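Taken in sequence, the protein lines are chains A and B.
Anchor point for the first sequence: position 279 equals 279 in the working numbering, and the numbering is continuous, going up by one each time.
Anchor point for the second sequence: position 206 equals 508 in the working numbering, and the numbering is continuous, going up by one each time.
A hint or two may mislead.
From the structure, some residues in chain A lie toward chain B, with a derived Cβ separation under 7 Å [unchecked claim]:
hint	residue
1	G26
2	Q173
3	Q176
4	I256
The set of hints was computed from the structure by calculation and includes no laboratory data.
Remember, predicted model here, so these are calculated numbers, not experimental data.
Yeah, the Cβ is synthetic: ideal placement off N, Cα and C, and Gly gets one too.
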Amino acid sequence: MAMGGRQRRRNMVGLLFVSPWICGLGLFILYPFFASILYGFTDYSVLRDPEFVGTDNYAGIAADPIFWQSLKVVLVFAAFSIPLGVVTALSLSIMLDAGKRGVSIYRAIFYLPQLVPTVVVAILWTWLFNAEFGLVNHILRWPLQTFFGARPPGWLASTSWALPALVFMSMWQVGQMTIIYLAKIQDVPQDLYEAAALDGAGFWSKTWNVTLPQISPIILFNVVMAIIGCFQVFTEPYIMTGGGPARATHFLSLYIYKLAFEEYRMGYACAVALVLFLIILGLTMLALRAARGRVYYAGEEA
Amino acid sequence: MPAKKPRLAEELRSTRHGWLFHIPLVLMACLFMLPLVWMLSISVKPLEQTTDPSFDPLPRGFYVKTGDGRLLPVYRERRLTEAGYLVEITSGKSPGTRNYVRRQDMKGEMALLANGQMVGVKVVQRVEATPENPLWLVREWREKDVDTKGVSAVQGDTSRYVAVVTPEEITEAVKPLWVNYPTGLRRMNFWGALLNTLLVCLMGVVGVTASSVLVAYGLAFIDFRGRKALFVLTLATMMIPFPATMVPLFGVFRWLGWVGTFKPLWVPAWFGNAFFIFLLRQFFKGIPKDLLDSARLAGASELQILWHVVLPLSRPALAMVALFHFLFCWKDFMGPLLYLNDKARHTLSLALQNFHAEQGGTPWHLMMAASAVFSLPLIVLFFLTVKTFIRSITMTGLKG
Numbered sequence: 001m002a003m004g005g006r007q008r009r010r011n012m013v014g015l016l017f018v019s020p021w022i023c024g025l026g027l028f029i030l031y032p033f034f035a036s037i038l039y040g041f042t043d044y045s046v047l048r049d050p051e052f053v054g055t056d057n058y059a060g061i062a063a064d065p066i067f068w069q070s071l072k073v074v075l076v077f078a079a080f081s082i083p084l085g086v087v088t089a090l091s092l093s094i095m096l097d098a099g100k101r102g103v104s105i106y107r108a109i110f111y112l113p114q115l116v117p118t119v120v121v122a123i124l125w126t127w128l129f130n131a132e133f134g135l136v137n138h139i140l141r142w143p144l145q146t147f148f149g150a151r152p153p154g155w156l157a158s159t160s161w162a163l164p165a166l167v168f169m170s171m172w173q174v175g176q177m178t179i180i181y182l183a184k185i186q187d188v189p190q191d192l193y194e195a196a197a198l199d200g201a202g203f204w205s206k207t208w209n210v211t212l213p214q215i216s217p218i219i220l221f222n223v224v225m226a227i228i229g230c231f232q233v234f235t236e237p238y239i240m241t242g243g244g245p246a247r248a249t250h251f252l253s254l255y256i257y258k259l260a261f262e263e264y265r266m267g268y269a270c271a272v273a274l275v276l277f278l279i280i281l282g283l284t285m286l287a288l289r290a291a292r293g294r295v296y297y298a299g300e301e302a
Numbered sequence: 303m304p305a306k307k308p309r310l311a312e313e314l315r316s317t318r319h320g321w322l323f324h325i326p327l328v329l330m331a332c333l334f335m336l337p338l339v340w341m342l343s344i345s346v347k348p349l350e351q352t353t354d355p356s357f358d359p360l361p362r363g364f365y366v367k368t369g370d371g372r373l374l375p376v377y378r379e380r381r382l383t384e385a386g387y388l389v390e391i392t393s394g395k396s397p398g399t400r401n402y403v404r405r406q407d408m409k410g411e412m413a414l415l416a417n418g419q420m421v422g423v424k425v426v427q428r429v430e431a432t433p434e435n436p437l438w439l440v441r442e443w444r445e446k447d448v449d450t451k452g453v454s455a456v457q458g459d460t461s462r463y464v465a466v467v468t469p470e471e472i473t474e475a476v477k478p479l480w481v482n483y484p485t486g487l488r489r490m491n492f493w494g495a496l497l498n499t500l501l502v503c504l505m506g507v508v509g510v511t512a513s514s515v516l517v518a519y520g521l522a523f524i525d526f527r528g529r530k531a532l533f534v535l536t537l538a539t540m541m542i543p544f545p546a547t548m549v550p551l552f553g554v555f556r557w558l559g560w561v562g563t564f565k566p567l568w569v570p571a572w573f574g575n576a577f578f579i580f581l582l583r584q585f586f587k588g589i590p591k592d593l594l595d596s597a598r599l600a601g602a603s604e605l606q607i608l609w610h611v612v613l614p615l616s617r618p619a620l621a622m623v624a625l626f627h628f629l630f631c632w633k634d635f636m637g638p639l640l641y642l643n644d645k646a647r648h649t650l651s652l653a654l655q656n657f658h659a660e661q662g663g664t665p666w667h668l669m670m671a672a673s674a675v676f677s678l679p680l681i682v683l684f685f686l687t688v689k690t691f692i693r694s695i696t697m698t699g700l701k702g
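Please construct the entire structure, taking both the sequences and the accompanying hints into account.
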């Protein structure tokens, strides 16, 4: 009986400690999430009460060319920016580790762009990508002209170059990943390298056979977070292109924002948001499955 | 067969070639810095040099000696390569001002201006410019020009000195236009927005740290029923993207009457944050349980243990939560965009975006100046707390 009393007391105290989060979780995440699923089956705008319409919204999505275009934009962006970002961050961190000197200075420089507010990044790169007066084209103009006889592209004003421009810009934001990878590389047990050196392994072989397997869990974690991140890209296209030209940078989250807060088609917006969530879920599962057996966990449990 | 190498030799080999890695590293470092350097460069240039095709990184000031011997700041309005006239306009929108007209555009007492207007003119001076011997049409530059939308906006001003001069008559000097900064900040409505941003950030940081610590302590150290389930649920919600809750969440805040106030931006922080709770719990798990048990035996309450035992050991984790939430608030754009419509309540992100959108992207020098000031606090914060900062970043990669 005494035990039961103590456990009851512990339950009380524990719940008291987590009570803010239980309220927050319920009010700001779970309720909106499940309400969003329900709204997805309604026709709802600020002006009218929600009206049940069955699966009409989902039939609408299947036949909505703007939805498919937005999905394509996100997938193309993710397919390029995530691998390129991982490769950039990995090469930087491996070089930093191998270069040994000046790590703190380089680290600060590579991280600096991530301290720049997103709105500033968007406005700054809008100007850098300016077809006529932008720095990017100023640097590209001479080599393009000389070696290919080509003119530099119009970047944000061009339907085929606007999305690559955003991918290129995202490479500027790999500092955080670089720092995390570097820390993980420095944590790799030194005796593994010594053992590899004894087997005659050079730099490349050590990188490929020791470093990469050792840090593969954090790479996987970063890739999963990056997938979720890609589906939430909003500020850059909103400010830089408004989703244009000709919806070439019409990201899915931008579409949901426009549907909900510019067109007030909130039921439909919720349905699109649910589809977005399911796609994220599917892609994450896919990434986790693809990584199974390829990611090395050094017997660390818990 | 690979021979067994002594460790010392291996060590020497790697350090000897280590410098090779600095070639690509320095190159990449320059590339990473370039956009920021360019931003600073534009932020101290006069407007007309933001579209200078020579991409001169230094801000230039140009001066011309006038008839009475004064050295007058001017801007070079046009490079003239054709014969024509310096004229004084006598009719139309801006009589009394001077301009350049090509010879073939002169029709007796009338002239066709570059903007397509036909106006009456009086010839002041013949201009004998050729492609080999170009001349410059220069116009007096005044500090208030910093604040105009475009160079052409000052053409109606008759009080300004206008002349055609040879390139040799123009004196050039490196001259950063610091006045872009106060002007840009005023145009962006910086100080008001700064107060709003600080309010949201500070309220959020205090709230999210306090609440996340409480919750993480409960999840890490108190064995209550449903603890596991709550922890798993917390992890799972990290998968939910913002767009998937955005619309009903807006409804919640509208129902509370909070749309248009700062509350939607900081009140939720007081209820904890999944990511921070997760990281704090992982950190707390590393604290030896014996410490807590002995404190419990001594009769300390859980709150006392949290305050006197756990928190003093958790400074790095607390700093991480505070730093990252501050960073998030300072940079957040979508939240303010959704909830703040009144200009007086704009945060810095919103104010800058508004400045950009309203101006149709013309005064780049002012926008870059405002952008630089907006970015500066985070950069200063980084260098002031560099150790804590780096440790915090690596902490977010805790356990893949």
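Structure-based check of each hint:
Checking A/G26 against chain B: minimum C-beta separation of about 9 Å lies over 7 Å; hint violated. This hint is violated: A/Q173 has a C-beta 10 Å from the nearest C-beta of chain B, more than the 7 Å allowed. Because the closest C-beta pair between A/Q176 and chain B is about 6 Å apart, less than 7 Å, the hint holds. Checking A/I256 against chain B by beta carbon gives a least distance of about 5 Å; that is within 7 Å, so the hint holds.
Checked against the numbered hints above, the structure breaks hints 1, 2 and satisfies the rest.
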